Amino acid sequence: MSMWSRISNAVRGERLHREIEEELQSHIDEAIASGRDPKEAHRAFGSALRAREASYSIRAAGWLESLLADVSFGWRQLCRNKVTSFAAVLSIALGIGSCVAAFRLIDALLWRPLPISNSSNLYVLSRKMTGFEGKPVEDSHWATPDFNLMRDAIKDQADLIAISDADRTDITWLTDDDMEKAHVVYVSGNMFPLFGLEPALGRLLAPADDRAPGASPYAVLSWDYWNHRFGGDPHVLGRSLHIGNQTFQIIGVGPRDFTGTEKGTVTDIFLPLSMNSFATQDGVDWHRTFLMLKPGVNPATAVEPLRQHLSAVNRAFEAECSKCFRGATQASIDRFLNQKLVFYPAGAGISELQKDYRRYLGVLGLLAGLVLLIACANVANMMTAQAAARAQEMALRISIGAGRRRLIQLILCQSALLALLASVLGAFFAAWSAPFVLSLVNPPDHPARLALPSDWRVLFFAFGLIVLVVLLLGLLPALRASAVRPVAALKGGEDPHSPRRLMRGAIALQVAFCFLVLFLSSLFVASFQRLQNRPLGFSTDRLLLLETVAGKGQFPVVWNQTAEALRAAPGVNSVAISRWPLLGHIQINSDISINGAPPSPTRAFFLNVSPDWLSTMKIPLVSGRDFRPEDTSPGAAIVNETFVKTFFPGQDPIGRSFERAANQPLNKVVGVIPDVPYHDLREPSRAVFYVPFAEINDKSAPSVVDFATFTIHTAQNPLALADSLRQLIAQSHNGLRVSNITTQLDLVRDQTIRERLIAMLAAFFAAVALLLAGIGLYAVLNYSVLQRRREIGIRMAIGSTRAGIVRIVTLDVFQMIALGGCAGVALGFGAARYVQSLLYQVKATDADLIALPTCAMLLSALVATLPAVLRALRTDPTEILRSQ
Amino acid sequence: MAKTDALQGSLDLLVLKILSRHPRLHGYAIMAAIASTSGEVLRAEEGSLYPALYRMEEAGLIRAEWIKKDSGRRARVYELTAAGKKQLGLEESRWQSVSLAINRVLREA
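Protein chains in written order, with my numbering: chain F, 2 to 885; chain P, 479 to 587.
Next up, chain P with everything else stripped away, as it sits in the complex (with noise of 0.2 Å):
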């Protein structure tokens, strides 16, 4: 299976729930986290992580952080805000409840 793009609309999912396991990622390491985890079945574009981790930021749902790398470069890390995790939730049950059907539609075909 080649390595998808993270499915429209569910980028954000996977970054807050990438962030509520590991609070404090900076942007390449919650790429990073989503390959992984997901098997290396699921990537997300650069061209669409951070505009995707802006645009969160702008919503409230998560909040950014200039830290010191050991390697004295800055790297700007992220985590959860109470919005974000609120949101989290819905977004989850909203998956849940899409793939579901989703199934079930593939089921009776």
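Just chain F, with the same shape it has in the complex (with noise of 0.2 Å):
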């Protein structure tokens, strides 16, 4: 007989039993008949129950026939208490869900590997120094005549990559009218090839592409962009692409799954290094240096000699780069100059979406985690109940002879039904909500895109937990229910106390874990609400920004009139211009200088806004007066409150003047306004100076501007007056025409995407694991007054109050509430440790913080508690006493 013939037995099982059972009895019948006592002779085999068993599990594969039917027994079980068993696989599903989806973002954006060759041979270079401020900086970006010295020095053992960020660029096919957006990556020509990456079509760029600044005009699309901006059409090479006024040549289509380095943006034109005006300047840190080793180079061994000849290579070449310089202190020179060149593994490719997210995603995958432990608690707790329940069952079983192993089986195929059926849910819940999460980071310019493959990586993790919760589940039940001495459970008797300790050990964990995900779910609320109100000393309202460029740039005269003819159209009540928006993606600061001194060490921002600016944004001035139409820069400036305190200490600062570098113009004070965020939202108040937008050079005349923002105060909904605007400003053909729409509220909000998110995720995870540890705590003191219903007859009948019934029922419960959530609290200052940077005027020990995860929990128990409490006073003593 083979393992096939045992597997088949197995399956059929009961012809098996008729076919063992007909053989023993024909052989009693024998051994009667040649003369045997016939109670002998039935005494001979011993326990048929035994012998029939021992025959059997060695014809059939006993371990899968009995696994068949411990599974259709944990069925019928689950079948039993339906709702149970329906709550239970949901909260698990949530659990197991929220996991795998958590998991999948953190491993899609954080560890997966980029589609490359020797993905693991590859670092990015990084140095840390001392600002000219005196604090800590890192910077990733560096100048290419720094990276060409570097690669060529080190060439033998590694090959440096430069590759810029993404950088979301205006671009024509045809005619100039129709301009759109691209996400353009600019490569040094060894990348694609050392990157071990074939085009799709036509050829990549090569290392010949690097040769000499502007002489390989061509561009490389990415297999994503090629296939949803033009469908695949392999008629695509040749065409040609102008960027600025520059033009380029497709010459391929990069290969189906890479979409650069930088995780979370999907790079749509790839093009050489030297076509960009940068790429010859010494002091423009503009990109990022990639370094792979050669393939067989030993990292442990390579890296170090590696980095420090780059390190001496490049500190050669900012000691040289004397222009990067201008009027700084020997000293404040000498302390950027000690660099120190550091190398990251890069293989997961990176990005800054990486590092905005990296400790978010950890947050979220913690709370993901808790609320799954959460569940499991709850349904360990629900098995647990039903195991004692079981007890007598179990006693039987194992006094006519059942193994414990196969008690063991029985409870955990019951956990592994209960988990396998969430499986399937999470699934779902999962291919679901790590999309949505992913979609909910949306600035409108620069939504995330990340490929959320389900691969083995995703299924394994998925196996992994599952097991995990199958143990969590049923692993201490099913101890506890194998664990049963028969005599005792038989007699009825056997200590009750026993499975309520266990479930009293779950809920202080649940309480401990609910505080947890309460407590930081509170931090980061109170988090987003403060950032979300913060006063921002400008108005939001109904304010349209048209940002928009002007090719090779158009004087201030031009840009005025495009404003006068844009507060002509009908619903416009105000137009001003500033080159950027607040709080935008730009900010450029400057060197101040008063009376000639050096500059000082602090620096300053600064913005180009027309007259009206302040009025439109609703800024009211402190002192002095709103630019004129005449003033120029330099010539007047305006300042906030910030710049005052800094540079004009204790002096009004109306008709002072400061440069904006050693020996340069002078501009005059003529205004102070309140700080108003420029940046960015969390950021403290810095100093900053506005210039009139009509800009003159050296010799007083008036220089062009290639790009501006309109701000416009319009009387109805802003986006509703974009599109005629806009083709107001192109049918005026004076160069002008609009690269980007959007609105000064979208850009406040763009703000708080990520702490809308944590908090949204937060407070959503904090309302699952109340209402589970609600429940949790609801069935334990449910069963536990079932339990003790002799007990609580007996204390009535003997006159026990009905305020000492409520501190018996509940008296242990609340303690370990009370100890669950002491552990909780700890728990939480921890954590908070951990995410302190990811709160904006929060700090975990303000006491308000505390008070509401506490009351939550205390309120949700006292509801939890409540109908166990009433159903242990409604007890009748009488009753309760005849019927046991």
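Calculated from the structure, these hints are not laboratory results.
A hint or two may mislead.
A few chain P residues facing chain F, derived, Cβ under 7 Å [what the hints assert, rightly or not]: (1) 506; (2) 550; (3) 551; (4) 553; (5) 554.
Quantities reported herein were computed from a predicted structural model and do not represent experimental measurements.
Built from N, CA and C at the ideal position, the CB exists for glycine as well.
Relying on the hints, combine the two individually framed chains into one complex.
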């Protein structure tokens, strides 16, 4: 008989049982016929049941057969308590689904290697130094001449690759009219070959494309862009692409999976490094530098010597680069030159999104894991209660000879069934929720795009999670049930407290985790609220922003004419011009020099604005006046209060002047305004000065402006006007074209995307955790009251007061809540240290942030215990004592 | 001498030997044959005989077949397979060497 026949025997178990029965019976008949005493003949087989079990397990694959039996038994058990089972499956599904979704996001953004060859040999170069303001800064961008020197210095041991960050660029395909945005990346020609990438079409950029500045006007499209922009049209090769005044020819399409090295952004177009005008400038740090070890080089020994070599080359370059430091003191230059070059593994790509979201995703994973643990504790409690209710059945099984292994298998089967059902539901939840959460990371200009494949990595994680859940759910109840002592259980009186001890432990654990989730989410929600309710100092009401470009530039007078035309449009209240919007992507600072002195260590940020910009933004003047049309830059300036405190402490700034570097033209302060956030809602007040939009050069002639933003206060919904105003600008045929449309409100909202996301998810998890913990508490207390009916009845009969009954029913549970709560507070403070950097003006020690989760916890505990307490009070002693 | 249960491990040998002499015996007949040929000294208990039969069947040493008896009842009869014959040779020689060795020890003592 083979394994197969044993397995098939297992499946047709009923028939096999009959056959064995028949054979044994015929044996007994034979024995009696040959003169044996019938009783003796029967006895010879010992326990008939045992003989049959033993014979059976040899002829059939017993484990399989018993597994089938246990699965169907477990299924019947689940069906018997439909509501409980459904709630259990649902809560575990939510936990598993959240964990898998969190894993998919974390894995896709932070861990998954790029689809390139030798990704484990890829590093990214960065340097740590003390910035000009004395703070430690880290810079991961490099100047191309520096990159070239370093590349040549180590070309025998490793290759250096330059890749710029994806920039959302205005491009045109045919005429100047259809301008669109695409993510453009400049790469050194060795990137594609070193990454082992093959073109899907045409050819890719090659080292020859690096040869001379401006000599290789070629572009490679990413597979993704080729597909969604051109529908995979092979005739795209040879087409021209215009960026600014440059024209590129499409020479190929990249491989299918490669979307660049910047996780979270899908690169559309790859251009040669040599085609960017920055590539020849010593002082512009603009691209990242990657290092690829040659195959066969041992990273453990090769990296440190390479680092030192590159460090020396870089230092020589920086020291040489005298243009980089204008007017800084020797001490601060020395401090700046004291750079430490560091390598980071970059096999999983490198991006700002990773930096911004690493900790947020960690918190998300933690919350999802905690909710899963809470759900597991709940269901384990439920199963312990069921197992305790089945103690007599277990005892019976053991006394008729069932092995303890078989009992453990029975219970684990049930928990595995639960977990499997839950994981099917959870898979749907994860499939929906991971892309959903990703879609919430959606600044309109730069929505995060990330491949979220469900491959073996995800399956492996999910499988591990399921095994863990099965063990968490089933192991304790299983061990408990199998440890039943038949005699005691059949007597009906085994220590009735032991399952409750286990369940109370689970309650304490649950409360601790629940408190942690509540505490963390209250931190994030409070942080988000404070950030959102932060006084801005300017209005966001109906402010349309038209970011506009002007090719090679237009004189301010043309910009003003366009603003005038916009003002005349219906529905427009007022129009002003600024070079860039507040809280946008651009921030530029400048040296400040007072009375011809060397620049102070603090720099100040600036913005060019037209007259009426302050009134359009509803920023009040503290003193002085707004710009007038005849004001120019340099010439006049409006400063904020921090600027006054920093550069004119204790003086009236009106009428004083400053220079933007030593020996530059003077800017006379004409007005003072309050501090308003400049680049980041979270930033502390910075010194900011505003200069007139109209700039003049050193010959007092107007300079051209190549981009600016029209700030338009509208009467109705600003976006409704956007299209007509854009056409109005295009119809003026003065070279001005709108490149981006947004509103000031959206820019403010973009600032809080991460905070809103985590606050939303944390609140969701907190609600789920609270609900689960409440259900768990209710179930345990209810069970405990049922178990102790006899005791309660007796106590009532001998005159215990109602208060006394309530006390004995709830005392130990509230002890557990207190214990769990204390543990939760300790855990919370530990976790808060880790997330402190993510919080805005929120401290973990704020009293209200501890009080809130405590109250929520206590309130839900009260609600959850109420039914059980009422049931205990309604106990009728005579009825109980009669029935037992 | 009390009737002893067949020595642990030698039951297989006895069953195989009996089946090699008389193919197609059912369980009770095998038990009876062991008893009679050993002069009522050795006895295979039912509780161990049937598991042993099933084990050997599962190992492919013997095969079983249902036959109709005169009484109208069905019986399950066993016979050796080729593998079973080979196994019998092995077991026999092993038994010989073991009993020789035991005898030698007993003589020495």
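Verification of the supplied hints:
1. Taking 7 Å as the C-beta contact cut-off toward chain F, the hint placing residue 506 of chain P at the interface holds, the least distance being around 4 Å.
2. For the restraint placing residue 550 of chain P at the interface with chain F, the shortest Cβ-Cβ distance is roughly 11 Å, beyond the 7 Å limit, so the hint is violated.
3. This hint holds: residue 551 of chain P has a C-beta 6 Å from the nearest C-beta of chain F, less than the 7 Å allowed.
4. Hint status for residue 553 of chain P relative to chain F: holds, with the closest Cβ pair at about 5 Å, below 7 Å.
5. Here the hint on residue 554 of chain P is kept, as its CB sits about 5 Å from the closest CB of chain F, short of 7 Å.
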